[in-house]
Amino acid sequence: MKKLIYCSQCSKKNSFSQIDGEIRYHCSHCNTIHYQNPKPTATLICMKNDEILLVKRAFEPAKGEWSLPGGFIELGETPEDAAKRELKEETNLEGEAIKLIGSCSHFNSIFGDVLLLGLTMKIEKWDNLIPGDDAQDAKLFKLNDSPEMAFECHNKILSIYKKSLTKLSL
131 MKKLIYCSQC
141 SKKNSFSQID
151 GEIRYHCSHC
161 NTIHYQNPKP
171 TATLICMKND
181 EILLVKRAFE
191 PAKGEWSLPG
201 GFIELGETPE
211 DAAKRELKEE
221 TNLEGEAIKL
231 IGSCSHFNSI
241 FGDVLLLGLT
251 MKIEKWDNLI
261 PGDDAQDAKL
271 FKLNDSPEMA
281 FECHNKILSI
291 YKKSLTKLSL
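For what it's worth, our numbering labels the leading residue of the sequence shown as 131, then goes sequentially.
Honestly, the hints are just simulated from the structure, not real lab data. Computed from a predicted structure; not experimentally measured. Treat each hint with caution, since some may be false.
[Said to hold, decoys possible] Have a look at the derived ranges for each label pair, beta carbon to beta carbon:
#	residue 1	residue 2	range
1	Q266	K133	32 to 38 Å
2	Q166	T296	33 to 39 Å
3	N179	Q139	36 to 42 Å
4	Q166	F189	22 to 28 Å
5	K255	D211	17 to 23 Å
6	N179	K143	57 to 63 Å
7	G151	N258	29 to 35 Å
Idealized CB from N, CA, C, for every residue including glycine.
Please model the complete structure; the sequences and the hints are all you need to start from.
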């Protein structure tokens with residue numbers, strides 16, 4: 131956990147102790163509790179028939195490894211808005227978020243606690259597929275023959291998606 135040395139409300143030195151059953155930073159001067167919240171992301175499942183779209187990461191963490199497209203949700207954005215923006219930034223494709231399929235939480239050494247929201251996307255035109263500035267590559271792989279994912283949470287989101295396909299076929 132990163133250290134929050136000073137209070138964001140009154141600039142006095144914070145304390146670190148148990149509050150509401152959790153170890154938290156708090157200010158004993160103004161009684162502000164400093165909650166450490168996860169950073170939400172939109173993590174995309176983009177299918178073209180039996181193929182899934184993956185991007186090869188251009189930056190750390192996991193530079194050079196394959197992952198699902200996606201990224202951080204910015205202030206004022208919905209997960210669906212972020213999904214559309216990230217799809218365009220990373221692949222030059224345009225699409226619509228169809229459904230929130232699940233979530234996964236993990237700790238990232240650069241960004242701290244990250245909350246991934248998995249969304250399925252509908253893409254009409256695939257002919258503009260080119261990697262964006264934060265992707266070394268972007269391409270389609272057979273769903274059941276895709277490379278190892280950079281992040282365990284991406285595997286979990288993909289697993290949730292595959293289970294939803296199984297339920298549909300029953």
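Hint check results:
1. Q266 with K133: 32 to 38 Å: holds (34 Å)
2. Q166 with T296: 33 to 39 Å: holds (37 Å)
3. N179 with Q139: 36 to 42 Å: Hint violated: Cβ distance 54 Å, outside 36 to 42 Å.
4. Q166 with F189: 22 to 28 Å: holds (24 Å)
5. K255 with D211: 17 to 23 Å: holds (20 Å)
6. N179 with K143: 57 to 63 Å: Once the Cβ atoms are compared, 59 Å apart, the range 57 to 63 Å for K143 and N179 holds.
7. G151 with N258: 29 to 35 Å: violated (50 Å)
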